[in-house]
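Trainee: Assemble the whole structure, with the sequences as input and the hints as a guide.
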Amino acid sequence: MRAAFRKPKYANHITSDIFDLDSVAFLVKDPSLIDPLYIISDRSSPFAEGEKPEAKISIISWKGAYQLRIAIRGDFHVEKPSYYVIDPSYWLEWGWIILPQYEIARLRQFLARFIDENTGLWELM
1 MRAAFRKPKY ANHITSDIFD LDSVAFLVKD PSLIDPLYII SDRSSPFAEG EKPEAKISII
61 SWKGAYQLRI AIRGDFHVEK PSYYVIDPSY WLEWGWIILP QYEIARLRQF LARFIDENTG
121 LWELM
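The opening residue of the sequence shown carries number 1 in the numbering used here; numbering runs sequentially from there.
Be aware that one or more of the hints could be misleading.
[Claimed, not checked] Pairs of lysine-lysine residues, derived as DSBU-like cross-links and limited to a Cα-Cα distance of at most 35 Å, are as follows: (1) K63 with K29; (2) K56 with K80; (3) K29 with K56; (4) K29 with K80; (5) K80 with K63.
[As the list claims (entries may be wrong)] What follows is a set of in silico ranges between Cβ atoms, one per label pair, in the way DEER data are often shown: (6) R113 with E49: 33 to 39 Å; (7) D35 with R113: 30 to 36 Å; (8) P46 with F114: 18 to 24 Å.
Please keep in mind that the hints were generated in silico from the structure rather than gathered at the bench. Using N, Cα and C, we set each Cβ at its ideal position, and we do this for glycine too.
Mentor: Dropping the structure here:
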C-alpha cells in the first residue's frame, strides 16, 4: 500500500516588507472564558512599555491568485476590556491594525512595485 502525503500549505511569497504599526489589538471572545480579553501591542501603551508592533506585509500567490498577507510581530500584553460603552461580547469587529501616517505612503509604494499588466491591480494607481 502506498501512503499519501499531503503537501503542507504554504504561502508563496512574491515580495514582502516590514512596516511599523502604531498598534494592533485582537479581541478574544471564547465561550470558555468568563470575560473577553484583548491581545494588544501598542507603541504608546500606558500599561506596557517597549512594545514595537510591526507588520510583515507580503504579496503571496495561492492557487494562481495574488493575495495580500499581513503578519503581526512584536511584544504584546493581554488585558481585560475596561473602557467600552457596548458589551464586547456584542462587538462585530474583533481585530484592529493601525498604521501610522508615515507608513501609509510606504504601503502604497510597496503595492505600486508589484503592479503590472498581469496582476490586475493597476487600478490602485
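Trainee: Taking the hints in turn, state whether each one holds.
Mentor: Here's how the hints hold up against the structure:
At roughly 32 Å between alpha-carbon atoms, K63 and K29 fall within 35 Å of each other, so this suggested pair holds. This hinted pair checks out: K56 and K80 have alpha carbons roughly 27 Å apart, not beyond 35 Å. With a C-alpha separation of about 25 Å, the suggested pair K29 and K56 falls inside the 35 Å cut-off, and the hint holds. Distance restraint check for K29 and K80: the Cα-Cα separation of roughly 11 Å lies within the 35 Å cut-off, and the hinted pair is therefore satisfied.
Of the pairs offered as hints, the one joining K80 and K63 is violated, with about 39 Å between alpha carbons and a cut-off of 35 Å exceeded. Hint check: R113 to E49, Cβ distance near 35 Å, so the stated range 33 to 39 Å holds. At roughly 44 Å, the beta-carbon separation of D35 and R113 lies outside the given 30 to 36 Å, and the hint is violated. Separated by about 38 Å at the C-beta atoms, P46 and F114 break the suggested range of 18 to 24 Å.
Violation of the numbered hints given earlier is confined to hints 5, 7 and 8; the remaining hints are satisfied by the structure.
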